[in-house]
Amino acid sequence: MCQPVIELTGLTKKYGDFTAVNDLNLRINKKDIFGLLGPNGAGKSTTILMMLGLTEPTAGSVKVCGINSTTHPIDVKRIVGYLPEDVGFYDDMTGIENLVYTAQLNGIRKNEAKEKAGQLLERVGLANEGKKKAGKYSRGMRQRLGLADVLIKEPEVIILDEPTSGIDPSGVREFMDLIHQLSSEEGLTVLFSSHHLDQVQQVCNRVGLFCKGKLLADIELTEQQKREHGLDDIYNRYFEGGKDHE
Amino acid sequence: MNRVYHPFWVIVNKEVSDHVRSWRFIILIVIIALTCMGSLYTALTNIGASIKPNDPDNAFLFLKLFTVSDGTLPSFVVFISFLGPLLGIALGFDAINSEQNRGTLSRILSQPIHRDFLINAKFVGALIVIGIMLFALGFLVMGFGLIAIGIPPTAEEFLRMVFFIIVSIFYVAFWLNLSIFFSIQFRQAATSALACVAIWLFFSVFYNMIINLIGKALSPSDFASDYQIVHYQRFMLNLLRFAPSQLFNEATTTLLMPSVRSLGPLTMEQVHGAIPSPLPLGQSLLVVWPQLTGLIAATVICFALSYVSFMRREVRSR
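Chains A and B supply the protein sequences, listed in that same order.
With our numbering applied, the first sequence corresponds to residues 1 to 246, in that order.
With our numbering applied, the second sequence corresponds to residues 1 to 318, in that order.
FYI, nobody ran anything at the bench for these hints, they're computed from the structure.
Keep in mind that this is a model prediction, so the values were computed, not measured.
There's no promise every hint is true.
[Unchecked claim] Label-pair ranges, simulated between beta-carbon atoms:
| hint | chain 1 | residue 1 | chain 2 | residue 2 | range |
| --- | --- | --- | --- | --- | --- |
| 1 | B | Asn101 | A | Glu115 | 24 to 34 Å |
| 2 | B | Pro280 | A | Lys133 | 54 to 64 Å |
| 3 | A | Glu115 | B | Gly282 | 35 to 45 Å |
| 4 | B | Ile26 | A | Glu112 | 42 to 52 Å |
| 5 | A | Lys14 | B | Leu237 | 43 to 53 Å |
| 6 | B | Asp116 | A | Thr12 | 21 to 31 Å |
Glycine included, every Cβ here is placed at the ideal spot set by N, Cα and C.
All chains should be modelled from the sequences, with the hints used to inform the complete structure.
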């Protein structure tokens, strides 16, 4: 298998004078659950877009499983599942139809896709809502449907951009458990971005602290660390430190 | 049912079924079908009066179904040239921006498909719908006409009809592409619809006025030589031809009125000795070839613009 799964070297993205991502170097290994933690506007989403080839870096390179995302986005997107922030579905199609459509875009046969969609809906806890139009789904249900949508192509890496924004606390808890369970059962590498400290430390085994386009720290979290003091002091220390530089 | 479809055709499939089920399309098809029936009715009531002695087009009575009118209601051709743009605009104006606003664009583009698949499929899907609709309407008008006047079309008339429909499809395709381009440019569907309608109105109402103004300013004096007058006429006609509707009208009249020999001014020397007879289909096609090329070129330009703006743009969610 490819090691590391995601490799960013000197990644930079500028919008005019504004630097969204600044000389980012990062390696994410297989089976990691990596949390990108940072305040809004820190460049998390931009980094994720560059990983998928949805926007071009100004400098540096992104490699996913050794494939360059900027020059070969199709090959990357074949193995990466991406759940955008505030994911949208075709409202006039049912949950199952939406999943089948995605599956077909990935070259899966229709019958097979239907079967798989059924299984995945059960897995994310929407077994009874599959025949409902996606327009009638609540925010939390849409997010879970999004997770099923990401999994239907059987990816090796899943990237989730702020997957928990707008879901109530119990929904968040369920969602995070689901991610954790998936990663351990299927051996998936997970990268997700969030600005909620507690959610990140709940499931991640590695955390990257992100601020103003820079990676301030890359911390390995052990079970013991999680139990004892968590990330709070580290977070505070780094973000205080970040302010000092200005 | 259980084949692996190429992702491109998966998207086309979805687009077509979306269009066919949408209210927008049903409303359009009702409007267009009604106007076609109306124009067919006027054509049928006036077709007798339209036959004049020594008219070379008399041999093509059937084609008159599409062009004859008594002035109360426009003919089929005029209706298509008027409603065709509306059809193209209606099917394309929210092609990309609605995906963006629903948050589905970034989800679809994160699937392993080329980016251009999406705009190509949107275009092809709408074009298939338009093509089927125009062919169905054209054949329906032919069928009703056949029942009413009882004279079957000749093979040539039939072919001219088919070419007329194909030209109409090209014409609608131009407007479709223009509206897809605007749907990429503008985030709001309403803005892009308005921009398309503005261009449509400009070409169908204001453009002729502007050309008339220019024409008055440039018109040669009464003492100008023939050469100057011909030159002036050519120049004005070429200005008019920047409007897609002008190209379409020239192409369709030539195809449906076989006696039309030239679309520009002709001198007496050129006409001298010519027998007023209809042109064979091949020759009519040759006459309209530049118009067709112009229409296709305009379509391709819109497509190229859409490509350039879409291929390298950053796709954010919502």
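Status of the hints after comparison with the structure:
no.	hint	verdict
1	B/Asn101 with A/Glu115: 24 to 34 Å	holds (32 Å)
2	B/Pro280 with A/Lys133: 54 to 64 Å	holds (56 Å)
3	A/Glu115 with B/Gly282: 35 to 45 Å	violated (56 Å)
4	B/Ile26 with A/Glu112: 42 to 52 Å	violated (34 Å)
5	A/Lys14 with B/Leu237: 43 to 53 Å	holds (51 Å)
6	B/Asp116 with A/Thr12: 21 to 31 Å	holds (27 Å)
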